[in-house]
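Assemble chain B onto chain A, guided by the hints.
Number of protein chains: 2
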Amino acid sequence: MILSALLTSVGINLGLCFLFFVLYSILRKQPGNITVYAPRLVAEGETQQRGQFNLESLLPTAGWVRKAWQPSEEEFLSNVGLDAVVYMRIFTFSLKVFTIGGIVGIFVLLPVNYFGDQLSHDISDLASKSLDSFSISNVNNGSNWLWIHFCAAYLFTGVVCYLLYYEYRYISSKRIAYFYSSKPQPQQFTILVRGVPVPSGSTCGETVESFFTENHPSTYLSHSVVRRSSKLQGLISDAEKLYRRLAHLKLKNHTPQEFKRDGFLGLFGRKVDILDHYEKKLEDLLDNVRLEQSSLAGKEVPAAFVSFKSRLGAAVALHIQQGVKPTEWLTGQAPEPQDVHWPFFSASYTKSWICKLVVFIACVALTILFLIPVVLVQGLTNLDQLETWFPFLESILNLTVVSEVITGYLPSLILQMFLSFVPPIMIMFSSFQGYISLSQIEKSACIKVLWFTIWNIFFANVLSGSALYRVNVFLEPKEIPSVLAEAVPGQASFFIAYVVTSGWTSLLSSELFRLTPLMKSYFKRVFAGKAGDEFEVPSIPYHSDIPKILFFGLLGVTYFFLAPLILPFLLVYYCMGYIIYRNQVSGMPSFLNIQVILSLMSFTHPSSSLIYVAPKKKRYCQKRFLPIFKAYPQECLVKKDRKDLNDPSIAEFYEALVTAYKGPTLMPIQYPGSSDGRSSPLLLHAAQV
Amino acid sequence: MILSALLTSVGINLGLCFLFFVLYSILRKQPGNITVYAPRLVAEGETQQRGQFNLESLLPTAGWVRKAWQPSEEEFLSNVGLDAVVYMRIFTFSLKVFTIGGIVGIFVLLPVNYFGDQLSHDISDLASKSLDSFSISNVNNGSNWLWIHFCAAYLFTGVVCYLLYYEYRYISSKRIAYFYSSKPQPQQFTILVRGVPVPSGSTCGETVESFFTENHPSTYLSHSVVRRSSKLQGLISDAEKLYRRLAHLKLKNHTPQEFKRDGFLGLFGRKVDILDHYEKKLEDLLDNVRLEQSSLAGKEVPAAFVSFKSRLGAAVALHIQQGVKPTEWLTGQAPEPQDVHWPFFSASYTKSWICKLVVFIACVALTILFLIPVVLVQGLTNLDQLETWFPFLESILNLTVVSEVITGYLPSLILQMFLSFVPPIMIMFSSFQGYISLSQIEKSACIKVLWFTIWNIFFANVLSGSALYRVNVFLEPKEIPSVLAEAVPGQASFFIAYVVTSGWTSLLSSELFRLTPLMKSYFKRVFAGKAGDEFEVPSIPYHSDIPKILFFGLLGVTYFFLAPLILPFLLVYYCMGYIIYRNQVSGMPSFLNIQVILSLMSFTHPSSSLIYVAPKKKRYCQKRFLPIFKAYPQECLVKKDRKDLNDPSIAEFYEALVTAYKGPTLMPIQYPGSSDGRSSPLLLHAAQV
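In the order they appear, the protein sequences are chains A and B. Note that the UniProt record's numbering has the first sequence beginning at 1, numbered continuously upward. Note that the UniProt record's numbering has the second sequence beginning at 1, numbered continuously upward.
Quick caveat, the hints were computed from the structure, so don't treat them as lab data. Heads up, a few of these hints could be off.
For identical chains, the list gives no copy identity; a pair is met inside one copy or between any two copies.
[Said to hold, decoys possible] Only pairs whose alpha carbons sit at most 27 Å apart, straight line, appear in this in silico DSS-like list of lysine-lysine:
{"id": "1", "residue 1": "Lys-281", "residue 2": "Lys-241"}
{"id": "2", "residue 1": "Lys-351", "residue 2": "Lys-325"}
{"id": "3", "residue 1": "Lys-96", "residue 2": "Lys-250"}
{"id": "4", "residue 1": "Lys-281", "residue 2": "Lys-630"}
{"id": "5", "residue 1": "Lys-174", "residue 2": "Lys-281"}
{"id": "6", "residue 1": "Lys-309", "residue 2": "Lys-640"}
{"id": "7", "residue 1": "Lys-96", "residue 2": "Lys-325"}
{"id": "8", "residue 1": "Lys-325", "residue 2": "Lys-309"}
{"id": "9", "residue 1": "Lys-643", "residue 2": "Lys-250"}
{"id": "10", "residue 1": "Lys-630", "residue 2": "Lys-325"}
{"id": "11", "residue 1": "Lys-309", "residue 2": "Lys-280"}
Extracted from the complex, chain A is given alone in its bound form (with noise of 0.2 Å):
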């Protein structure tokens, strides 16, 4: 690639952006786009502040960038919560490292590459050299200069490394101190028991009533067996989907009846009030599910939610080993009571074990064989072919600038159309794995994701990028050093376009401009009329957009001192992220909870350590911070319950406690002719905590 194409694309993506960027301040004020751009708005009820359609909504301003840009780090952590906070220094910290780097590599790495004359010099116009003549590559062979490159790496490092220990240290603070500033909540006091040795004669409840009242005698408070309940769980869902439905017909009382025939897909039968029809549905759904509540006692698992008096108590049965038999009376923390991930219980121990096995050999499979559909789909965009399959798109082929789109862009929007399937096959996979919580399979899901895109990305092309290698080079794993040593800095022209084009463009597009929910949103309005009837708030897709930010940071780290033409790129990219995402996150509400950002912390740090910095140094993080991610420790423990015993609200939270963990499927469930119309009274379990 030369200089000028560089400089093309880069002027095609910016002017991409700023279209976005205009498309987005100006449709964010229409109100009909409140649900796409301001969801936590909607879900807090404050839309009907807005006014209506005026000449001055449709300037684009950029006040938001402001908004956003404002608030201080306290105030974020207070509105927004730690998860959100811990996510945008993952944008600050990435800045930090590349500001730095990007200095070192322009001011030194970028002037003594660009003069040396390994690379043919015959070129004397700068736009037309290939970027090559900035990378690496163009230093002379055995030159003195490369000890410059390799001081810069050791700096380099150095430096990653004393920010990386800040990092760990301030996040680390901040989560006790959130800790200590926390209401007493559910998960703190509360942990999960599996392999209860239930003996014949008794149920599971109350051998672990007995267990815990003989070994935790004064810290014991309550229990709540787990239940096989996937078939009630489909029932109930079902309930809450006719009831939200039924909910949102009842509030547009001004629409005329409307009806519909109860035959087949609405299209036969006689016509019925299509409000009576589905109350009357309703109630049938209902009545299921009593009946099968009542049923369930039978369908115990051998495993419970035990809670305890202080958060100490909950420590000493999480920490130490309870039963003689290692394989019984097992512990772990428990999630957030809306975080459990019930249908994860119905499964016994060896369905399990097989699930695991499956879903790790699927994503192996995923992850090596993905690029074999995509390279055959890619082929399709060869225009002889085309030409020969559809002849009379022939003339329209012919014209430069369809040939170009085609050749040019079919292919990457094809692969972009492809990962973003990813994610959720990903999150799918990982739900299978027997992970209790939503979280855990969201970090689960983040990892794999990580995996996939370093494999598929970078690797893949670094190596496609000489094909002839391809295969030969896993026959002969003695040379796999020096093929990557010759494809890595060769594919650095590459990877700065990447920055630009899936970097700048699709962040500005999916995440600030969120084209999908609003094209999504405006099908909806146009063709089923429907706008607003079954609004579910979104929340960051933590999964798909930390792998990716994490994968930029290895493009950056790599190609650092290969080819440091690429950290202006990196560094525009994480300052649009930063506003962007602090614009998002503020309007978003974040449903996840402060487990899983900090988990996926202590996944992320270490696997950006894994790539930023030697293993030794690693080590001493892990071994340094990683502790405080897992568990509180008793110095902490011992405070906060001190703290508690002076709380007069204690009492009412441990009632709140004993039925926290009751499920969604124990709750008793409320005829729904009695709500307010906005909350699901078949969620009560989520109002109660």
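Quick look at chain B alone, frame taken from chain A:
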């Protein structure tokens, strides 16, 4: 090696074994050897019952075999302790495994091997047949008979898995039973805290006191700060030696007054009464000790032994992270008071880290490079070389017997001699590694010796069998499997001979007959004339014995389906070992604490399962049983603590507990004159516990 050669070797070694057996049967009855063969009796002061010399004591009898065989496991447990029982179970376990393996190997695999005709069958004489005819090498290439070998291998693996499971379960139940039946022990109530963050202007003791009264208000009992005391320890150890010698001299009242010159090496200077001389020296030493003790206050190490009122209290502090910073308030299990390796605490963090690194490198270097000097020395046994160097030996060397002994026995003798240095070296290495207890040092040395043995005996012999490959093989990793596939069965006959010579004969000579201690004791009596002067009770050298036993297990498992002829010899080895060690263990006091062997079990069993079975099974067993060897579960702790509440002696125990971990250097020192002459008053702490 042909069959008759093997039979000759077996015959010679059987003869040697019989000789040692007879000699032991006679010598053990001689009163002079009682310190060699029954040190426990000496230590328990039961030596007086033995009669004087009579003719009967010159007749070899096998009564000791019956005596060693007789006691049941319960008797054994109550007399000698759990560690000895577990040690013996390694033998019974190996016997079980190889009995089953032997039956399958001899009656199924051996005939299959023998009736193959891959190797030439020109020789019809059974005695001159190569041993390879009995190995898998004799099965025809591509023969269907090989399936029998595979089936046998899987069957064997299954049996070993089952037996291992059963063994683990048995021993873990024994461990719990032992815990229930044990008296309160200081190490059950105590933890070692390291990394105490001492604020300036405060002492370590105050910091520990305030931290634990704050965070463990109901269970904290006391603490002992560790002090840097290498110098003091040297003084005390000198004083103890001197005191023991003095006590011994005083006991021998009937001996005439001995004089000694007080100058250099006792050769010059004026004559002094030896008793007065020693007493004065001891007095000086004790003054020094007291002086050093009083100046110790400033030499605090930021570490302390913290004792609790209940086992559960100690377990809580052990398992839960104590301080906010994970590098501070590090907790670990306390070893038994007499098992603490005090010198370790003298090292600073950096120093101990460097020590660890150095030891690791030294171990690897020793393990890999050990063979070089051995091969060089063995080269000396080349007769021509010797004759050139020492021409006067020519006539002797030309004798067939002498030359056979030199070429046949000398190399293996030299190898054995070199090998005997390895366990002490490994112990030395391990003691530099910063372990806090002697048993941990022994365990670590045990692991080192095991790897050393596997590398230097197994791989070195296997690979040197085909010397051509020795260097090349590491340059072409792809060929390692094929080289091993050729070399491992080829060395079967060597290992059969190895089992017979190194297993049988050295077991009898070193363990039963105790050749080295016997010769030492003999030379002492003859030359120094001071038998029993500085009598030290030996303990079983677990770190050199267990690797040997495990190594024979490895041989058995490896050659079970390659060359099953090895199994009967192994079975004989384990049978002999069982009887002999039962005899030794009853005769020797097990000074090592229960933790040694149990933590060794936690190593040896995973390690043997690493050898025996597939990793899957290993992981299951680790998960299923390993936790119980590391810490006691809450169920047991609570039950045991509750029992203590009713024990009237617990108050007394608490009092002793407070001073249990003061360390030998802080114990009050009594004047030696006041003691009864049998136990050292300097070792007061051992008696208190």
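Hint check:
1. Lys-281 / Lys-241: within (12 Å within a copy, 94 Å between copies)
2. Lys-351 / Lys-325: within (22 Å within a copy, 40 Å between copies)
3. Lys-96 / Lys-250: Neither: 53 Å inside a copy, 77 Å across copies.
4. Lys-281 / Lys-630: neither (46 Å within a copy, 58 Å between copies)
5. Lys-174 / Lys-281: Answer is neither; intra-copy 49 Å and inter-copy 62 Å both fail.
6. Lys-309 / Lys-640: both (13 Å within a copy, 24 Å between copies)
7. Lys-96 / Lys-325: between (50 Å within a copy, 25 Å between copies)
8. Lys-325 / Lys-309: both (26 Å within a copy, 26 Å between copies)
9. Lys-643 / Lys-250: For Lys-643 and Lys-250, neither the intra-copy (47 Å) nor the inter-copy (67 Å) Cα distance is at most 27 Å.
10. Lys-630 / Lys-325: both (24 Å within a copy, 13 Å between copies)
11. Lys-309 / Lys-280: Neither. Shortest intra-copy (44 Å) and inter-copy (65 Å) distances fail the 27 Å Cα cut-off.
Hints 3, 4, 5, 9, 11, counting from the list given before, are not met by this structure.
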